[in-house]
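Undergrad: Residue-level listing of the chains:
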Amino acid sequence: MLSYVIRRVLLMIPTLFFVAFITFVLAHSAPGSPFDKNQNRPLPEATIERLNRLYGIDQPIQNQFVLYLNNLVHLDLGSSLVKDRTVADIIGSEFPVSAQLGLQALFIALAIALPLGIVSALKQNTGIDYASLLFATIGTTIPAFVIAIFAIFLFGVNLRWFPFIGWGNGCGPLPSCDLKRMAMPTVILSLGAMAFLTRITRASMLEAIRQDYVRTARSKGLREQVVIVGHVVKNAMIPVATIIGPATAGLITGSFIIEWMFNVPGLGREFVLSINRRDYPLIMGVYMLYATLIVIANLTVDIVYGWIDPRIKLGR
Amino acid sequence: MPLLEVKDLHTSFFTRDGVVRAVDGVSFELNAGETLGLVGESGCGKSVTALSLMRLIPMPPGKITEGQIVFDGTDVLQMDDDDVRGIRGNNIAMIFQDPMTSLNPVLTISRQISEALELHLKMDRSEARKRTTELLELVGIPSAGKRLDDYPHQFSGGMRQRVMIAMALSCNPKLILADEPTTALDVTIQAQILDLLKNLAREFRTAFILITHDLGVVAGMTQRIHVMYAGRIVEKADTGELFANPKMPYTWGLLRSIPRLDERRKERLVPIEGLPPDLIAPPPGCRFEPRCQYRRDLCREREPELASVPGAKPDHQARCHGTQAGGWLVDLDWRSEIGDVRVLEEIKQEVAAVPAEAARLGAADLTPREGP
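If you're matching them up, the sequences are chains A and B in order.
Numbered by my numbering, the letters in the first sequence go through residues 1 to 316 in order.
Numbered by my numbering, the letters in the second sequence go through residues 1 to 372 in order.
Hint data in this document are derived by calculation from the structure and do not stem from the laboratory.
Treat the hints with caution; some may be incorrect.
[Stated by the list, open to error] Derived, one-sided and incomplete: chain B residues facing chain A with beta-carbon distance under 8 angstroms: (1) G89; (2) D98; (3) T101; (4) L103; (5) A116; (6) L148; (7) Y151.
[Claimed, not checked] DMTMM-like, lysine to aspartate or glutamate: derived pairs with alpha carbons at most 20 angstroms apart: (8) A:K234 x A:E224; (9) A:K83 x A:D129; (10) B:K198 x B:D98; (11) B:K122 x A:D36; (12) A:K234 x B:D149; (13) B:K198 x B:D214; (14) A:K123 x A:E224; (15) B:K198 x B:E137; (16) B:K348 x B:E41; (17) B:K146 x B:E134; (18) B:K63 x A:E224; (19) B:K348 x B:D331; (20) B:K63 x B:D80; (21) A:K123 x B:D81; (22) A:K234 x B:D150; (23) A:K123 x A:E49; (24) B:K63 x B:E34; (25) A:K313 x B:D150; (26) B:K7 x B:E29; (27) B:K63 x B:D214; (28) A:K313 x B:D98.
Note that beta-carbon positions come from the ideal geometry of N, C-alpha and C, so glycine has one too.
Just need the whole structure built from these sequences, with the hints factored in.
TA: Put into structure tokens, the structure is as follows:
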């Protein structure tokens, strides 16, 4: 088990190297430069040249990449080319906001998707099953930004139930959180994952409930609730757990549209801005963070998988 | 009073294609400690009969539409759900066909056996665990104590079937239903499992019903045999009597298709031509008539009763016009006379003419259908 984890952690190194390589090449081959963004007041040619020399952008790309890797190994993500802050500093202040938003959304998604999926499987082809299908279809097909617009319009502007700009003054312990302000971005971010998880849960419940061992459990005289909870759900959770890992990584990293629309000062928004600004160190820094998170999420799923399904043997 | 009395049991499945009468008027009795073999081809209603006894028919699409199942003086079909659960695993236990899929892959062996002990015998966890170890030793699992916390995938097929037997025996049931318990196992293991089942049932004085498609399997196992065909019992006899003096062409067919090692055979094994009938619209007369090479016009017109037959023991009953009093098969030696060759050809041609239809009916789908 331990040797398996160590091996998987070591495997992260080449994975992250390739992510770094591809991202670096793609980011630098996009046309434009960090210093040509103000069209009304373009910088003088000489200034741009000096800036390029200062940040090493005049070097051949392979030299820049080697330099970046060298810094990365020393855990130095460099400085933003646009803002007067280090990349580590930006990530440090904005990633927690995205992480909180993502984890809250994941929690809400699971809290609703699992029971809803289980119930709609148990009450297959009844009203509640069709209602959950309708909800899941809406959740997967209507993009978050469309729902967000309607939600802002309805709950924010017309009904004035929820404020919809910003994230409050950060968030320490829960009581001091501005929950009302967090409600809309969190719930809307959770919808996609919720819909998807509901369908997966329902499908794997239906799969599990038809297995022979369920009949065996019933033949022992167990109550239906015991059969469902003790025998069916445990098996049905195996495919669901596989999805939760990538879903978590996706929610934590992929919330830039929501952050943008609700003006949440999170990393997703910063990431998109950094791409527009050709802020190479920030692009790279955020991308490496995302890649690391996804790799860790996958590893966690594999470990949890071995724990809930005894047939999976880790290591060897 | 018999332990189990099944009277005119009807179990149907309501499918999109129509009502499949899987069990259509089955009656039999079983005394305490007695062993009975239920024999017939796939799809003839054996398993559905067994599942009906425990009310484990998936509803919908299945439903027990008629009949009585009197177990220990009470009609199982009139009980409320709690009482039925009190019988399942406790008084009637079932061993299923495929030990590879009948055990829950994510629960330990000990948990799966203990569950019933804790439920019915009110044992606490440690008592149940101790009893589980004893049961596993009883069914011949070596170093049982060390294997309690293993999962099913760590056991071989034969071992898993031993676990199923231990599970069935755990609460000292009065009746065990063994549904093709050895079909999924290697031939070498089959004999071991059957011996184990027979010896333990005798030791525990448990009655059991052994369901199989293989007459060879029940030969040394049970006191009586009921042969089923197309949802009905077509022949009832003591085991020895049935093998020595079968009185129904379907049984003859089954016997002819058993490979025997102790006899030099001149001819090859003779299969029964054709497929079992469509249980949505069964033949109006004798249900075996379309496949019977001894048939006459009478067989198509009227279904024979299950009745005593001349030249056999009094409790030997068969459902055949030919072997009943005055019939044309009373004095026939089934071993030498394989029937009218012309009729045999006819049957083969009929089967060849409707392959698609036959395939559809042969594979009547009894699983619940998923909606859109």
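Undergrad: All hints, please: hold or fail.
TA: Verification of the hints:
Nearest Cβ of chain A to the Cβ of G89 of chain B: about 4 angstroms, under the 8 angstroms cut. The hint holds. Nearest Cβ of chain A to the Cβ of D98 of chain B: about 6 angstroms, under the 8 angstroms cut. The hint holds. Annotation: T101 of chain B was flagged as interfacial toward chain A, and the flag holds, the nearest CB pair being 4 angstroms apart, inside 8 angstroms. Given hint, L103 of chain B at the interface with chain A, holds; its Cβ is 6 angstroms from that chain's nearest Cβ, closer than 8 angstroms.
The criterion of a C-beta within 8 angstroms of any C-beta in chain A is met by A116 of chain B, whose closest approach is roughly 4 angstroms, and the hint holds. Annotation: L148 of chain B was flagged as interfacial toward chain A, and the flag is violated, the nearest CB pair being 14 angstroms apart, outside 8 angstroms. For Y151 of chain B, the interface hint holds, the least distance from its beta-carbon to any beta-carbon of chain A being 4 angstroms, beneath 8 angstroms. Restraint check: the Cα-Cα separation between K234 of chain A and E224 of chain A comes to about 14 angstroms, which is no more than 20 angstroms; the hinted pair holds.
Proposed proximity of K83 of chain A and D129 of chain A is contradicted: the alpha carbons are some 51 angstroms apart, above 20 angstroms. Taken as a hint, the K198 of chain B and D98 of chain B pair is honoured in the structure, with Cα atoms around 19 angstroms apart against an allowance of 20 angstroms. The suggested pairing of K122 of chain B with D36 of chain A is violated, with an alpha-carbon distance near 80 angstroms, which exceeds 20 angstroms. For a cut-off of 20 angstroms, the pair hint linking K234 of chain A to D149 of chain B stands: about 17 angstroms separates their Cα positions.
The suggested pairing of K198 of chain B with D214 of chain B holds, with an alpha-carbon distance near 16 angstroms, which does not exceed 20 angstroms. Distance hint between K123 of chain A and E224 of chain A is fulfilled; the C-alpha atoms sit about 13 angstroms from each other, no more than 20 angstroms. For the given pair, K198 of chain B sits about 16 angstroms from E137 of chain B by alpha-carbon distance, which is consistent with the 20 angstroms threshold. Note on K348 of chain B and E41 of chain B: the hinted pairing holds, with a Cα-Cα distance of about 18 angstroms set against a maximum of 20 angstroms.
This hinted pair checks out: K146 of chain B and E134 of chain B have alpha carbons roughly 12 angstroms apart, not beyond 20 angstroms. Taking the CA atoms of K63 of chain B and E224 of chain A, the gap is near 18 angstroms; set against the 20 angstroms cutoff, the hint holds. At most 20 angstroms may separate the alpha-carbon atoms for a hinted pair to count; K348 of chain B and D331 of chain B exceed this at roughly 26 angstroms. About 15 angstroms separates the Cα atoms of K63 of chain B and D80 of chain B, which keeps this hinted pair within 20 angstroms; it holds.
Straight-line distance between C-alpha atoms of K123 of chain A and D81 of chain B comes to about 19 angstroms, which keeps the hinted pair within the 20 angstroms bound. Between K234 of chain A and D150 of chain B the CA atoms are separated by roughly 17 angstroms; this keeps the pair inside 20 angstroms, and the hint holds. As the CA atoms of K123 of chain A and E49 of chain A are separated by approximately 68 angstroms, the hinted pair breaks the 20 angstroms bound. Among the hinted pairs, K63 of chain B with E34 of chain B is inconsistent with the structure: their alpha-carbon atoms are about 28 angstroms apart, more than 20 angstroms.
Between the alpha carbons of K313 of chain A and D150 of chain B the distance comes to roughly 13 angstroms, so the proposed pair stays at or under 20 angstroms and holds. Between K7 of chain B and E29 of chain B, the direct Cα distance comes to roughly 8 angstroms. Compliance with the 20 angstroms bound is thereby established for this hinted pair. About 28 angstroms separates the Cα atoms of K63 of chain B and D214 of chain B, which puts this hinted pair outside 20 angstroms; it is violated. Pair hint K313 of chain A plus D98 of chain B does not hold up; C-alpha atoms about 24 angstroms apart against a cutoff of 20 angstroms.
Hint violations for this structure: numbers 6, 9, 11, 19, 23, 24, 27 and 28, all remaining hints satisfied.
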